[in-house]
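If you're matching them up, the sequences are chains A and B in order.
Just so we're aligned: the first sequence equals residues 103 to 272 in the working numbering.
Just so we're aligned: the second sequence equals residues 18 to 207 in the working numbering.
Among the hints, a few may not be true.
[To be verified] Pairs of lysine-lysine residues, derived as BS3-like cross-links and limited to a Cα-Cα distance of at most 27 Å, are as follows: (1) A/K195 / B/K81; (2) A/K118 / B/K157; (3) A/K244 / A/K170; (4) B/K175 / A/K170; (5) A/K170 / B/K107; (6) A/K170 / B/K206; (7) B/K146 / A/K153; (8) A/K195 / A/K118; (9) B/K81 / B/K206; (10) B/K206 / B/K157; (11) B/K157 / B/K175; (12) A/K170 / B/K157; (13) A/K195 / B/K33; (14) B/K81 / A/K153; (15) B/K107 / B/K146; (16) A/K244 / A/K195; (17) B/K175 / B/K107; (18) A/K195 / B/K206; (19) A/K153 / B/K206.
[What the hints assert, rightly or not] Where chain A lies over chain B, by a calculated footprint (3+ residues, C-beta under 8 Å): (20) 50-61; (21) 64-78; (22) 113-124; (23) 195-202.
Calculated from the structure, these hints are not laboratory results.
As the structure is a computational prediction, the values presented were derived from the model and not from experiment.
For every residue, glycine included, the Cβ atom is placed at its ideal position computed from N, Cα and C.
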Amino acid sequence: MPVSLRNSSLIYEALKECNIQLLSALPETWLVHLIRLADQDPEMTLVRLAKEEEGIGISAGAHFAGVKTALLMQNHGFLASINGIVSFAHLYKIPLLMLISYRGSWGERDPWQTQGGNVTEPVLRALSIPYSFLDTTETVRKRIRQAQTLAESSLQPVALLLTRDLMWEE
Amino acid sequence: MLRVDCLRSIYSELEKPLVVTIMGAVAAELQSLGHRPNFFYLQHAMGLASSTGLGLALSLADQKIVVLDGDGSLLMNLGTLSTMARYRPKNLLHIVFDNESLLSVGGFPTATGTGTDLEGIARASGVPKVMTVRSVANFKTAVIDAGLGSELTTIIAKVEPTGPVTYVTSLSLVENRFQFSRHIESLRKP
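Please model the complete structure; the sequences and the hints are all you need to start from.
Laid out in structure tokens, this is it:
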């Protein structure tokens, strides 16, 4: 499976540098190494979800408790979480650091991912969620740090889109 | 059995735990008994009160967490039972007021009124301790027992589909949220 272990590790280390202590996740191909790294890390609480929207509530509860979190999801999981984002995170001013694998974009071979790829950025913009891309190894640490800083200062969800250029090696 | 009578019967037990409620009648009735800074009312995002309780329970192992859920909200997020059961935090008590109705939107019947068994679903999801209660006395006993116990518990409380006249209170959502997080912060200080 040509998911980049090296770049997944880079992302994971950047999350650790941001003192992320709880990670919620629902597996998808591009996220397998990240989830495995979290699972093997005794200092990380990994919460495996049935549906991504649960992660919004879990991160909110952890935030109330003073614990820093990140959410790993596919873009279709983001689409499935929208009411939680709007009616909890936005309504109650909850910071969320969402790492979203950007399936269905340039180079996508799976036909079933393509419609979600089309609407991911328009939906993020419609929800006024600040977003950026994780697309080069050089910028991963800085973008994750900056995203977390903005989420915490603005008390709102922010998104980093994990791109094929970073996550896939072939 | 009336939900407000259930809440009144355990009100003194809710002084120390962190309490997360769903929207509508549950939130309004608990507030009518007297708001406390350890109460957080999730006035929308149906289904996520239990997830919020799970996030709190996993983050604060020494703190008791009580979630006041409802049949309509739980039916929207049944997966939460499997996620709670997977991590089964000992400090989490999950109470579900089952009035077989989406009361706050006009009283439309939910599937628990036509045979869906939340106790069975919770049990089959792997929640270690599950029970259904139908009287205030049994409700109070179940809550106190769960408070003394050492495992994740879901209590299904069958209640009448009645509630307060209005659901809007003077407490703003954001005020409640910051009061709640400040309260937790004060608990963490030595």
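- Pair hint B/K146 and A/K153, alpha-carbon separation not exceeding 27 Å: The given pair, whose Cα atoms are some 23 Å apart, holds under the 27 Å limit.
- Query: Is it true that the CA of A/K244 sits at most 27 Å from the CA of A/K195?
  - Reply: Distance of about 24 Å is within 27 Å: holds.
- Message: So if I understand the rule, the pair passes when the alpha-carbon distance is 27 Å or less; does A/K153 with B/K206 pass?
- Response: Not OK: A/K153 and B/K206 at ~34 Å, beyond 27 Å, violated.
- Query: Do the alpha carbons of B/K175 and B/K107 lie within 27 Å of each other, as the hint requires?
  - Reply: Satisfied, since the Cα-Cα distance of roughly 24 Å is no more than 27 Å.
- Taking only the CA atoms, is the gap from A/K244 to A/K170 under or equal to 27 Å? Within the cut-off at roughly 17 Å; holds.
- Quickly compare the C-alpha distance for B/K175 and A/K170 to 27 Å and report which way the hint goes. 37 Å, violated
- Given hint B/K206 paired with A/K170 - CA-CA distance at most 27 Å: 18 Å, holds
- Message: Verify this for me: three or more residues of the region 195-202 of chain B with a beta carbon less than 8 Å from a beta carbon of chain A.
- Response: holds (count 4)
- Does the alpha-carbon distance linking B/K157 and B/K175 stay inside the 27 Å limit? This hinted pair holds, its Cα atoms lying about 13 Å apart.
- Message: Just to be careful, I want the Cα atoms of B/K107 and B/K146 compared with a cutoff of 27 Å; is the pair within it?
- Response: Measuring from Cα to Cα gives roughly 11 Å; hence the hint holds.
- Query: Is A/K170 within 27 Å of B/K107, Cα to Cα?
  - Reply: Measuring from Cα to Cα gives roughly 22 Å; hence the hint holds.
- Would you mind confirming whether the straight-line C-alpha gap from B/K81 to A/K153 stays at or under 27 Å? 25 Å, holds
Hints 2, 4, 10, 12, 19 and 22 from the list above are not met by this structure, while the remaining hints are.
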